[in-house]
Structures are given as structure tokens and as C-alpha cells.
Amino acid sequence: MRFVLLIDFGSTYTKLTAVDVEKAEVLATADDYTTADTDIMIGFEKAYSKLQSAAGNIAYQKRLACSSAAGGLRMVACGLVPALTAKAAKLAAFGAGAKVIQTFAYELTNDDVAQIDAIAPDILLLTGGTDGGNREVIEHNAHMLARSKRAFPIVYAGNRGSKDVCIEQLDGELHPVYATENVMPVLNKLNILPAQSIIRQIFLEKIISGKGLSREKALIEGIIMPTPSAVLSALTLLSEGTNGRRGIGELMAVDLGGATTDIYSIAKGAPSNPATILHGLQEPYAKRTVEGDIGMRYSAHGIVEAAGMDETCRCSGLDSSAVNAMLDRINRDKSMLPQTEEEKAFDFALAALAVRIGLCRHAGTIQQIYTPMGPVFQQTGKDLTEIDRIIITGGALIHSAQYTDIIREAVSVSDEQALIPRKARVARDARYILSAMGLLASYDQNTAFDILYKSFGKDEVYATE
Amino acid sequence: MEKKTLIIGVIGADVHAVGNQILYFAFREAGFNVINLGVMVSQEEYIEAAIEAKADAILVSSLYGHGELDCQGLRDKCNEAGLKDILLYVGGNIVVGKQPFEEVKKRFTDMGFDRVFGPGTSPETTIEALQEDLYGAH
Ligand code: B12
Numbered sequence: 004m005r006f007v008l009l010i011d012f013g014s015t016y017t018k019l020t021a022v023d024v025e026k027a028e029v030l031a032t033a034d035d036y037t038t039a040d041t042d043i044m045i046g047f048e049k050a051y052s053k054l055q056s057a058a059g060n061i062a063y064q065k066r067l068a069c070s071s072a073a074g075g076l077r078m079v080a081c082g083l084v085p086a087l088t089a090k091a092a093k094l095a096a097f098g099a100g101a102k103v104i105q106t107f108a109y110e111l112t113n114d115d116v117a118q119i120d121a122i123a124p125d126i127l128l129l130t131g132g133t134d135g136g137n138r139e140v141i142e143h144n145a146h147m148l149a150r151s152k153r154a155f156p157i158v159y160a161g162n163r164g165s166k167d168v169c170i171e172q173l174d175g176e177l178h179p180v181y182a183t184e185n186v187m188p189v190l191n192k193l194n195i196l197p198a199q200s201i202i203r204q205i206f207l208e209k210i211i212s213g214k215g216l217s218r219e220k221a222l223i224e225g226i227i228m229p230t231p232s233a234v235l236s237a238l239t240l241l242s243e244g245t246n247g248r249r250g251i252g253e254l255m256a257v258d259l260g261g262a263t264t265d266i267y268s269i270a271k272g273a274p275s276n277p278a279t280i281l282h283g284l285q286e287p288y289a290k291r292t293v294e295g296d297i298g299m300r301y302s303a304h305g306i307v308e309a310a311g312m313d314e315t316c317r318c319s320g321l322d323s324s325a326v327n328a329m330l331d332r333i334n335r336d337k338s339m340l341p342q343t344e345e346e347k348a349f350d351f352a353l354a355a356l357a358v359r360i361g362l363c364r365h366a367g368t369i370q371q372i373y374t375p376m377g378p379v380f381q382q383t384g385k386d387l388t389e390i391d392r393i394i395i396t397g398g399a400l401i402h403s404a405q406y407t408d409i410i411r412e413a414v415s416v417s418d419e420q421a422l423i424p425r426k427a428r429v430a431r432d433a434r435y436i437l438s439a440m441g442l443l444a445s446y447d448q449n450t451a452f453d454i455l456y457k458s459f460g461k462d463e464v465y466a467t468e
Numbered sequence: 781m782e783k784k785t786l787i788i789g790v791i792g793a794d795v796h797a798v799g800n801q802i803l804y805f806a807f808r809e810a811g812f813n814v815i816n817l818g819v820m821v822s823q824e825e826y827i828e829a830a831i832e833a834k835a836d837a838i839l840v841s842s843l844y845g846h847g848e849l850d851c852q853g854l855r856d857k858c859n860e861a862g863l864k865d866i867l868l869y870v871g872g873n874i875v876v877g878k879q880p881f882e883e884v885k886k887r888f889t890d891m892g893f894d895r896v897f898g899p900g901t902s903p904e905t906t907i908e909a910l911q912e913d914l915y916g917a918h
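As they're listed, the protein sequences go chains A and B.
Just remember that the working numbering sits 3 ahead of the position in the first sequence, which is counted from 1.
Just remember that the working numbering sits 780 ahead of the position in the second sequence, which is counted from 1.
Treat the hints loosely; a few may be bogus.
[As the list claims (entries may be wrong)] Anything over 12 Å on all C-beta distances counts as not near chain A; from chain B, calculated:
#1 A797
#2 A810
#3 S822
#4 I827
[Claimed, not checked] DEER-style ranges, computed between Cβ atoms:
#5 B:D856 - A:Q420: 23 to 31 Å
#6 A:D296 - B:G853: 49 to 57 Å
#7 A:Y36 - B:N859: 55 to 63 Å
#8 A:G377 - B:D856: 53 to 61 Å
#9 B:K783 - A:D167: 14 to 22 Å
#10 A:E139 - B:G811: 49 to 57 Å
Derived by calculation from the structure, the hints in this document are not laboratory data.
All of these numbers come straight from a predicted model, not from anything done at the bench.
We put the CB at the ideal spot given by N, CA and C, even for glycine.
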């Protein structure tokens, strides 16, 4: 087995990567527009002929694909308390590579069910209650969901004790139920891997074919995971290494897009100051969050809203009327590329603020409480202050000449409560290989690691095999 | 008999961890299902934990003297959150210095606590009270 073709059916671009497994080398990459609206293979074929002319006419022994086309894996998460099971459900869905369209807490109402039907999710994740804990709410929610008229599978990952009752309410043609372990079996303990593996199984079995991305058509072994889940697995591999290779340690990644911003951390996030008390829900070691209101074009207004006008002005050097004029321009033309000095300055500010907001929401917070015996600290979420590697991916960042300045500006926050990295070495996913290597890892970990290492791990040393 | 679930923790900005840890072991030993939120616990954390875990009682510890301030409004919030009949206890050194316990007790029962325990209460005393209130024993 020598040549492997890796395919990422992205929302905008279909990206191909040709790998020589024996040499642990990327031979060529190529891309073209994703054509999910018509026939996804049209875009694929265009990219493929570019790839073959760059790499030579190679016969691939294996073809693996991931996809975020046709809206990606669209999910709805339901839980009980917003800071507990509803959050656990959301973290589980994000980690499985999903786009969480909406999260519901407490009892679902008729309006909520109508809302869910309007969303028409690919999968609904139903949680609530610790094992032995609250049963009323999840059972009520199952009862309500039984009224939904849309067909979608439901992953049940709530209180064990309510499982049978809920399955009885729901399971059938419209809402086949896949039951698994509770996402929060014990208070504040997160258990999201079982739910994630079921989500992935459903993705493989049902969703791909539903979106016209069938395996026969693509001449590929199949689309084996959503794109973000491939990225998460590449980052985890790079961080942890394999049996014979030492990983580069804890890291973060930022994927700044036109509509959303994804943040990843592969890190324990334990308090850096020992006099700190941890609070709240445990967080996943490999964590992904998505900011739906933060993006360079479709969500540019969201950035300004979240950062505030003053900060946008300071960061861009423009006054508020110029900022508003810029927002109007972007609103009219979502594919706008910055040309004038003003436009460039504004894009710089948008990118830096987007990354900052994404990092701040992803990372934990710390509060200092003054007591007569001096200050004590209380931490919620992950402490990422000591992470010094950030990998950037996504068009808006990797094509910018100023990407290091953008990250530097993004992490220079005066807010001591935000536990984001303080200084960072930045590596760029210039050839878009992260998702490809996540795919390759499912088949050959060592080669995927070696290629990732060559691109992102420069100043580290190998452990000998 | 079905195991009852207790939420314990030290409220407010209080970091006195030892007594709470002792209570955790003692209550578990006595056959309760105990969720220990540790120190520096906010009112919201007790309530959210009690909802998800369908707890039968919340036992609030306060040692550093600010208990009265920290505990205000807890019963109202429980009611608001749908925890209507949940048992609420408070204990430790719940007020500053030495004040007549009957007065202290009255202030806390007026706040909605079902039982109020003075300094030096032994775990056994508390366990007996819990058994009486939760299982109707004695
Ligand atoms: C050790 C200690 C500390 C340590 C705590 C270390 C730690 N992380 O645990 C440190 C140095 C950090 C500390 C700090 C302070 N402390 Co201090 N501390 C003590 C000390 C000496 C022992 C506490 C202890 O562990 N006792 C042993 C355990 C087993 O007993 P317990 O905590 O009382 O718990 C038992 C019972 O009270 C009961 N109980 C407890 N909770 C509940 C709840 C319910 C529902 C029930 C039924 C029963 C119950 O059951 C427990 C098990 O038997 C006490 C004095 C004393 N001898 O009690 C002062 C004491 C509690 N501290 C006090 C004070 C004032 C402080 C400070 C505010 C001031 C300062 N100058 O440092 C700070 C506050 C810091 C903060 N933000 O919380 C005062 C409180 C006065 C008051 N309430 O009026 C005390 C009483 C000392 C005193 N006599 O002045 N302290």
C-alpha cells in the first residue's frame, strides 16, 4: 500500500491531498468548489484532475473522505440544567464534529418542538439527569419529542433510569433511538465518548447517503467522519504522538471561517496556580467549541457586537462611522476581499477580535476572591494560559500575511480572568492538511503523525522507536 | 430502603475544607448517596446539582463567619428552581463570634432552613436528624 487519497468535502471547497505513505510525504494538494447542490462529484472530478496533473497519474490504493458539505452534521442538543447536562450534551456534539444549531435546557415546550422541526436536525442528542437523578424532565422531553413530525434519529444519553420509558415514547419510524451511556453519569463528571461514538456511527450509516454523498458515487471507501472530527483527531495525534513517536504536547487550534469560528484545545487545563479551587462541569481533554456568531463575513457584525464598538475602533484604528460603513460593505458583498488600507485594517481587527472572542469563550475563567487571609482563586473550565502552541487553519487566517500579528493581538488581553494563552508560537496549516491527516490517522497513525510533525513540530525531538 | 441523595459543600468564599470532608465520609458510611461540591460553593451550584441529581437534601456548611449573608435567599431560589420540598440544613460556625444560639437558629429558620446546627455538632447528630427527616425513623 503506497498511495492514499484524502478528500475533504468542505462547505465551500473540496480539498484533495495525495500522500505517499512509504515516504511519509504529501505529494500534492488540490481543490475546487464543492458542488453539493448539484452533484458533489462534479467538484471532486475538477479537483481530482488538478491533483493528478500535479502529482502525476497515480493509482490510489485507498481513498478516505470527510465531509462538512451540505450543512455539515447538524445537531440539536437537549439537556436539563444549562451549566450541566445541556452543556455536556453540547460539548459531546461539538467533539463529534457536529454543528449544534440549538441547545435546549429544562422542559421542551410545543414551540420548542416546532422549532426543532423547523431546524430538521440530522441527529438530536437527548440528555438530562445524572444516573439516579432527575427523571421528570427527560421523560417529559421524550413525550414532547414524540409529537415531532420530522424524521431524525435520537441519541439517548441521559439518566439510565429513564432510558426504557423514553425509548417506549420515541422509538419508531420517525425517531429511531440509539441509547448509550449518560453524558454526565455523576454530577460534574463528563462522559461523552460513548455518545460521540454513536453519533459517528449514525453519521456513517444514515446521514451520508441522505445527503447524496454515497460511497458508490465517490469511488471511495466512504466518508468516514465529519471534517471537524478529522481535525480534532489530527490535533490529538500531533499532541499525544503514537506508540513509537513522542507528541509535541498540549496545543490549541483556531479555525476562523466566514460564518463561524472553531476553537480546539488538546490540554488538561488544570490550574496553573496550585492555590486554585476548580468548580463546575469537568471539561474534555480534547475539546472543540464553535462560535456561531463569530466569523469574518456572514458573522462580521457578531464580532463587533461581542467585542464592542470601542474595542473594534481601537483595534482597527477606524472611527465608529467607518466601522459601520465597513460592516455595510461586507453585508452587501460577502466575498469581499480587502483592497484599501482601511479595508485591510478592518479585516485585521475582525480577525484578531474573532480569535480573541473564540479563545475567551473556549477557555475557562478565574475569579480572585479576597479573604482576610489573602486572595484565593476559583477556576471554572480549562486553564490554557500556559499553552504556547497555536495552530491556525481556515482561509481567513492562513492566507493573511499578518497571521502572527493577528494572533499576537488576539491573545493580548488585559482581562486576567480569561484563561487564554498569554504568549504563543503560531504554526500555520498552509496546505490544509489537518483534516486529511485526521483521516489518514484512522488508517496509518505513524505516517499521519510524521507528516503532521514535519509541518507543525519543528523544534521537537523524536523519542526513538 | 432507597438511598437518599445529599448535596454538601461549604458556601460562599469559605475555604475551610476539613469538616466538609469529614461529613462526606460520615454520610456515605451512614448509607447516603453524597455529592460533595467542595469549598467555595455558590447558591446556584447547590441548586443546579440538586436538580440534576434529584437530591433529597442540601446541607450547607459555613465556617468563616459570613454564613448569614451567604445563605440569604437560598430557600427562595430553591422554590423558584422547582425544588419545593427539598430539605435544607446549615451548620458549622455560621455566624461571627459567639452569639446566643437560639437567636441564630431563629434567624436561619426564618430564612427557610429546616434545621440549624451550632458549632461542634457531631456527624452522628446530623445523621440522626437526616434519618428522621428523610426516612421518618425514630
Ligand atoms: C484550619 C482553619 C483555617 C484554615 C483552613 C484550611 C482549610 N483549607 O481547611 C485557614 C488558615 C485557611 C483558615 C482561614 C480562615 N479562618 Co479559619 N480556622 C481554622 C480552624 C483552626 C480549624 C477548622 C477545622 O478544620 N476544624 C476541624 C473540622 C473537623 O471542624 P469544623 O470545620 O468545625 O466542621 C465540623 C462541624 O463544624 C460540623 N459542621 C460543619 N459544617 C456543617 C454543616 C452542617 C449542615 C452540619 C450539621 C454540621 C457541620 O461538622 C464538621 C465535622 O465534625 C478553625 C478553628 C476551630 N478550631 O474550629 C478556624 C476558624 C473556623 N477560622 C476562622 C476565621 C475567622 C478564618 C478567616 C476568616 C480569618 C483568618 N484570619 O485567617 C480565614 C477565612 C478563609 C476563608 N476564605 O475561608 C474562625 C471563624 C470565626 C467565626 N465563624 O466567627 C475560626 C472558628 C477560628 C476562630 N476561633 O476565630 N482557617
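Comparing the hints with the structure gives:
Separation of A797 of chain B from chain A is inadequate, the least Cβ-Cβ distance of about 9 Å not exceeding the 12 Å criterion. Every CB of chain A is more than 12 Å from the CB of A810 of chain B (nearest about 18 Å), matching its label as outside the interface. S822 of chain B, annotated as away from the interface, has a beta carbon of chain A within 12 Å; the closest lies near 8 Å. Remark: the non-interface label on I827 of chain B conflicts with the geometry, its nearest Cβ contact in chain A lying 9 Å away (cut-off 12 Å).
Roughly 28 Å separates the CB atoms of D856 of chain B and Q420 of chain A, a value that falls within the hinted 23 to 31 Å. Take D296 of chain A and G853 of chain B: their Cβ atoms lie about 33 Å apart, and the range 49 to 57 Å is violated. Between Y36 of chain A and N859 of chain B the beta carbons are some 57 Å apart, a value that agrees with the proposed interval 55 to 63 Å. Roughly 33 Å separates the CB atoms of G377 of chain A and D856 of chain B, a value that falls outside the hinted 53 to 61 Å.
The hinted window of 14 to 22 Å between K783 of chain B and D167 of chain A holds, with their beta carbons roughly 21 Å apart. A hinted range of 49 to 57 Å for the beta carbons of E139 of chain A and G811 of chain B is inconsistent with their spacing of about 25 Å.
Violated hints, in rising order: 1, 3, 4, 6, 8, 10; the structure is consistent with all others.
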